[in-house]
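These are the residues of each chain, in order.
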Amino acid sequence: MTTTATQRPPATAPAPGKPAPRRPRRRDGLAGWGFFAPFGVLFAVFMLWPIGHGLYLSFTDQSLTGSGGDLVGFANYLEAFAEAEMWQSIGNTLWFTLLSTVPLVLIALVMALLVEQGLPGKWLWRLAFFMPYLLASTVVSLIWIWLFNPQLGAINSVLTGIGLPAQPWLQDPSLSMVSIVIATIWWTVGFNFLLYIAAIQGIPDQHYEAASLDGAGKWRQLFSITLPQLAPTTVVVVILQVLASLKVFDQIYQMMNQVVTPSTQSAIVYIFDSGFTGYRFGYASAVSYIFFAVVLLVSLVQFRITARKGS
Amino acid sequence: MTVAIPRRDSIRRPGKPGEKRYGAGRIAAFAVLVVLAVSWLLPIAWAVATSLQTEADAGSAPVSWIGESGVTFAAYAKLLAEGNVPLWAVNSVLSSVAITLITVGTSAMAAYAFSRLDFRGRTWLYAVSIASIMVPPQVLIIPLYYQMLAFNMVDTYWGLILPQVIAPAMVFILKKFFDQLPVELEEAARVDGASRLRVFWSIVLPLSRPILAAVSIFVFIGAWNNFLWPFLVINDTTLMTLPVGLQTVKSAFGVQYAENMAMSILAALPLIVLFLFFQRQIIKGIATTGFGGT
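The listed protein sequences derive, respectively, from chains P and D.
Residue numbering for the first sequence follows UniProt numbering, starting at 1 and increasing by one per position.
Residue numbering for the second sequence follows UniProt numbering, starting at 1 and increasing by one per position.
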């Protein structure tokens with residue numbers, strides 16, 4: 001986009017003499033598209049096209065190996081709806097989302113409230129709580145697989161040290177999801193913690209000064225000023241957290257050692273497995289769209305709840 | 001737009017300054033904070049401790065902070081000497097920097113077009129871009145991979161980078177920021193004959209440094225730690241990023257605990273060091289961008 005390009009008269013110039021209220025629009029036309037183009041091209045090729053192509057694939061029996069590709073109507077969707085494993089993976093995903101969101105919001109809030117009490121060593125607390133968020137999922141998984149190790153793991157050695165029985169954390173189907181949730185809380189709570197820190201610091205000081213003058217104690221200030229002021233933040237944090245938790249893949253795939261287990265398989269793991277282990281691109285695309293519909297539905301429900309609370 | 005920014009000097013004292021005393025409540029708060037912080041630091045400390053043991057010590061009971069053979073850097077030395085870790089680190093830096101530059105550059109230009117330029121199709125283009133924020137990238141892995149096969153981009157830097165550079169949420173954040181910049185400066189420059197590109201480059205971008213830094217930090221951390229896409233599109237060991245490389249070595253090594261932990265620490269170190277130096281900027285960047293720029 002150069003100066004000459006932006007100032008070149010547009011191809012469909014208005015008739016001469018006609019007052020041109022639309023001239024600014026026309027003058028910006030080329031510049032506007034020019035500025036949009038780099039993003040627009042990438043967006044079209046790597047976002048819009050896959051969205052459309054994925055929808056098409058979901059109606060075919062396309063295989064990763066290149067064979068197939070014939071239209072099969074709704075066969076993939078019908079098969080997915082009848083497949084217990086798919087429903088279980090969506091159920092696991094919702095379960096993980098519930099199990100992880102509540103502590104990820106509450107612990108983050110408690111951490112932020114405590115750190116903002118003005119206790120000494122603020123940078124150290126922030127470092128401690130936020131640092132895990134900077135780690136790649138692989139690093140987090142490696143560390144927690146080691147901590148959860150049944151014989152040599154630190155967690156079991158602490159448990160047996162205080163007289164409790166050792167647990168087969170990741171190996172036990174009834175415990176593996178909880179183990180993954182624990183690792184996830186440790187890993188990502190720092191993000192929500194930062195959002196709360198920013199929000200607490202955004203509360204005007206005058207509120208507290210006025211409350212102090214009126215004789216309100218700290219607990220009173222917490223419940224009458226801080227928490228109500230943080231309500232909009234909590235809405236944002238919960239929405240972001242639910243969306244993030246629904247997309248869980250990395251830590252499950254890695255901590256379960258790439259083995260698909262019925263009790264931990266998430267929706268994305270199931271899509272990945274159908275597509276790249278089972279080579280069934282058509283079927284995996286159909287499941288992608290079903291899962292996308294679930295995400296939209298959850299977002300819609302959240303939106304309805306928060307909108308009602310807001311009114 | 002109110003950017004809630006953690007300020008260094010804003011330690012809030014809910015009580016009046018005169019009341020600042022170390023009562024039971026403060027001590028309890030401090031205690032809880034210490035317990036939480038220790039719990040959060042222990043896993044990393046434990047990983048460091050394991051990485052400094054011999055494999056024999058790490059792999060045998062009883063579990064201890066320091067192995068019987070004492071502290072050794074053998075695991076690190078072995079990794080740096082024969083592993084691909086340095087190569088993967090280079091790949092991670094190259095791809096993350098490229099992703100950040102392309103994402104922020106194209107997003108800022110598009111956001112400027114949406115914010116300032118009046119062109120045909122602007123409204124619906126913006127609507128489509130914003131609507132796509134709802135699409136989780138993970139549900140596109142199948143058609144995107146298919147596309148990479150068609151473009152011959154599997155096992156290439158382009159295949160690694162290009163599908164990761166579309167961030168409609170960043171366009172949204174930047175547009176909101178541009179919307180509240182005063183338009184007078186730009187108009188004056190236009191009257192003086194500056195082109196749109198010149199205005200964008202010399203006026204808008206310098207005024208937007210804080211938000212550009214925030215968005216860049218956010219995008220960089222995401223790219224640096226991304227696993228699923230690089231894992232899918234890269235099979236060539238020499239092109240892997242750190243998170244992907246680690247995963248393959250973990251599966252191959254099996255029970256090399258000290259080495260696994262040493263590798264984790266090596267992979268984590270760059271961002272942690274960066275965080276120690278730029279703590280305030282990174283926190284601000286995450287907080288601003290995380291809220292969607294509000």
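Keep in mind that a hint or two might mislead.
[Unchecked claim] Here are a few chain P residues that sit away from chain D, every Cβ distance over 12 angstroms (derived from the structure):
1) Ala37
2) Asp70
3) Gln88
4) Leu98
5) Gly163
6) Pro168
7) Leu175
8) Gly202
9) Ala231
10) Thr261
11) Pro262
[Said to hold, decoys possible] Below, a sample of chain D positions facing chain P; criterion: calculated Cβ distance under 7 angstroms:
12) Ala29
13) Leu41
14) Asp118
15) Ala131
16) Ser132
17) Val139
18) Leu140
19) Ser264
20) Ala268
21) Pro270
22) Phe275
23) Ile283
24) Ile286
25) Gly290
Calculated from the structure, these hints are not laboratory results.
Because the structure is a prediction, the values reported are computed rather than measured.
Quick reminder that beta carbons are idealized off the backbone N, C-alpha and C, glycines included.
Okay, the hints, checked on the actual structure:
1. Ala37/P, annotated as away from the interface, has a beta carbon of chain D within 12 angstroms; the closest lies near 8 angstroms.
2. No beta-carbon of chain D is positioned within 12 angstroms of the beta-carbon of Asp70/P; the least distance is around 16 angstroms.
3. No beta-carbon of chain D is positioned within 12 angstroms of the beta-carbon of Gln88/P; the least distance is around 18 angstroms.
4. With a cut of 12 angstroms on Cβ distances, Leu98/P stays outside the contact zone with chain D, its closest approach being about 18 angstroms.
5. Even its closest Cβ contact with chain D, about 16 angstroms, leaves Gly163/P beyond 12 angstroms, as expected for a residue assigned away from the interface.
6. Residue placement check: Pro168/P keeps its beta carbon more than 12 angstroms from all beta carbons of chain D (closest about 16 angstroms).
7. Taking the minimum C-beta to C-beta distance to chain D, about 18 angstroms, the non-interface status of Leu175/P holds against the 12 angstroms cut.
8. Against chain D, the non-interface label of Gly202/P is violated: not every CB pair exceeds 12 angstroms, the least being about 4 angstroms.
9. Look at Ala231/P: its CB is around 14 angstroms from the nearest CB on chain D, clear of 12 angstroms, so calling it non-interface holds up.
10. The beta carbon of Thr261/P is kept farther than 12 angstroms from every beta carbon of chain D, the shortest such distance being approximately 16 angstroms.
11. The Cβ of Pro262/P lies farther than 12 angstroms from every Cβ of chain D, with a closest approach of about 21 angstroms, so its non-interface assignment holds.
12. This hint holds: Ala29/D has a C-beta 5 angstroms from the nearest C-beta of chain P, less than the 7 angstroms allowed.
13. This hint holds: Leu41/D has a C-beta 5 angstroms from the nearest C-beta of chain P, less than the 7 angstroms allowed.
14. Interface hint status for Asp118/D: upheld, as the beta-carbon distance to the closest one in chain P is roughly 5 angstroms, under 7 angstroms.
15. Against a cut-off of 7 angstroms between C-beta atoms, the interface hint on Ala131/D is violated, since the closest Cβ of chain P lies about 10 angstroms away.
16. The beta carbon of Ser132/D is positioned within 7 angstroms of a beta carbon in chain P (closest approach about 6 angstroms), and the interface hint is therefore held.
17. Given hint, Val139/D at the interface with chain P, holds; its Cβ is 4 angstroms from that chain's nearest Cβ, closer than 7 angstroms.
18. Hint on Leu140/D holds. Least Cβ distance to chain P is approximately 5 angstroms, under the 7 angstroms limit.
19. The interface hint given for Ser264/D holds, since its Cβ lies 4 angstroms from the closest Cβ of chain P, which is under the 7 angstroms cut-off.
20. With 7 angstroms as the threshold, the beta carbon of Ala268/D comes within range of chain P, its nearest partner Cβ sitting at about 5 angstroms, so the hint holds.
21. Proximity of Pro270/D to chain P is violated relative to the hint, the smallest CB-CB distance being about 9 angstroms (cut-off 7 angstroms).
22. Nearest Cβ of chain P to the Cβ of Phe275/D: about 6 angstroms, under the 7 angstroms cut. The hint holds.
23. Because the smallest distance between the Cβ of Ile283/D and any Cβ of chain P comes to about 6 angstroms, under 7 angstroms, the interface hint for this residue holds.
24. Among the interface hints, the one on Ile286/D holds; its C-beta lies about 5 angstroms from the nearest C-beta in chain P, closer than the 7 angstroms criterion.
25. A hinted interface residue such as Gly290/D counts as satisfied when its beta carbon comes closer than 7 angstroms to some beta carbon of chain P; here the least separation is about 5 angstroms, so the hint holds.
In summary, the structure is inconsistent with hints 1, 8, 15, 21 from the numbered list given earlier, while agreeing with the others.
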